[in-house]
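Chain residues, written in single-letter form:
2 protein chains.
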Amino acid sequence: MATSTYQVYGRFWIQTKQGAFLGVGRIELLELVQKYGSISKAAKSMKMSYRRAWELIDSMNQHAKKPLVVTQTGGQNGGGASLTTTGEKAIVQFRKIEDIHKKFLQVQTKKFKL
Amino acid sequence: MATSTYQVYGRFWIQTKQGAFLGVGRIELLELVQKYGSISKAAKSMKMSYRRAWELIDSMNQHAKKPLVVTQTGGQNGGGASLTTTGEKAIVQFRKIEDIHKKFLQVQTKKFKL
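Protein sequence lines, in the order shown, are assigned to chains A and B. The first sequence maps to residues -3 to 110 in the working numbering. The second sequence maps to residues -3 to 110 in the working numbering.
A hint or two may mislead.
Repeated chains share a single entry, so a pair holds when one copy, or any two copies, can fit it.
To be verified - Below, a list of computed lysine-lysine pairs in the DSS-like style, where the Cα atoms sit at most 27 Å apart:
id	residue 1	residue 2
1	K62	K107
2	K85	K43
3	K61	K107
4	K85	K106
5	K98	K109
6	K61	K31
7	K62	K106
8	K13	K43
9	K106	K61
10	K31	K109
11	K109	K61
12	K107	K92
13	K92	K106
14	K85	K99
15	K98	K13
16	K31	K92
None of these hints come from the bench; they were simulated from the model.
Please take these sequences and the hints and turn them into a complete structure.
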């Protein structure tokens, strides 16, 4: 039997009644859209197809009361895209929960003793 | 766009450097061994093969500093099994983390607004 330390791991995500809404991958995509102002550049930097990125963004927009991402001229074929206030709020809140969750797991890891 | 409420979901598990140690399925198995005093009965009530249950228990015993389950006469072929103090502690602590985790997710769900 190994002398080992126990580590509490975890993950979280956000759902609506319609299903998956936000997870770490979708948040990363939103952050990259914010950074590049473009869905295609965001997709590329995640090694994701444009189609997949667009589907994920569409899914997020459909789930939320207000869209998270809006596209300018060019539409689906690679025109500019930017985050709405709702999109920005989604990132901030998700990353905040992530921080607290990480701390929660650290505390539980310290406490766990067999 | 749907009028929806956002729900924060999550899960957690415990690892050692050797890999997965405890998750909700393994804890359920330990609880059933505790209840029935038998790995085969525990396995049956989880609709799991005896072999799989034995492998999971062996994995837990290997990861921990002290075994969680000990078998009496009969050994691998269905003799009695019982939890050690370590096994009991594992259940109690896991279920405690689960409670706090659930509350954490509820609080985050209430706070999340877009």
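Hints versus structure:
Proximity of K62 and K107 under a CA criterion of 27 Å is satisfied inter-copy only: 18 Å between copies versus 41 Å inside one chain copy. Taking the shortest Cα distances, K85 and K43 sit within 27 Å of each other inside one copy (25 Å), while across copies they are farther apart (44 Å). In the homo-oligomer, the alpha carbons of K61 and K107 lie at most 27 Å apart only across protomers (16 Å), although the nearest pairing inside one protomer, at 40 Å, exceeds that limit. Within a single copy, K85 and K106 get their C-alpha atoms only as close as 32 Å, which misses the 27 Å cut-off; across copies the closest is 15 Å, which meets it.
In the homo-oligomer, the alpha carbons of K98 and K109 lie at most 27 Å apart both inside one protomer (19 Å) and across protomers (21 Å), since each shortest distance falls under that limit. Proximity of K61 and K31 under a CA criterion of 27 Å is satisfied intra-copy only: 23 Å inside one chain copy versus 48 Å between copies. For the identical chains of this complex, K62 and K106 are inter-copy neighbours only, at 19 Å across copies versus 41 Å inside a copy, given an alpha-carbon limit of 27 Å. For the homomeric pair K13 and K43, neither the shortest alpha-carbon distance inside one copy (29 Å) nor that between copies (30 Å) is at most 27 Å.
Taking the shortest Cα distances, K106 and K61 sit within 27 Å of each other only across copies (16 Å), while inside one copy they are farther apart (40 Å). With identical chains, the CA atoms of K31 and K109 are at most 27 Å apart between copies only, with a shortest distance of 23 Å across copies and 43 Å within one. In this assembly of identical chains, the alpha carbons of K109 and K61 lie at most 27 Å apart only when taken from different copies (10 Å versus 44 Å within one copy). Both within a single protomer and between protomers do K107 and K92 lie at most 27 Å apart by alpha-carbon distance, with minima of 23 Å and 11 Å respectively.
When the C-alpha separation of K92 and K106 is checked against a cutoff of 27 Å, the pair qualifies both within a copy, at 22 Å, and between copies, at 14 Å. For the homomeric pair K85 and K99, the shortest alpha-carbon distances inside one copy (21 Å) and between copies (23 Å) are both at most 27 Å. Taking the shortest alpha-carbon separations for K98 and K13, both the intra-copy value of 26 Å and the inter-copy value of 19 Å come in at or below 27 Å. Proximity of K31 to K92 under the C-alpha cut-off of 27 Å is restricted to the intra-copy arrangement: shortest distance 19 Å within a copy versus 41 Å between copies.
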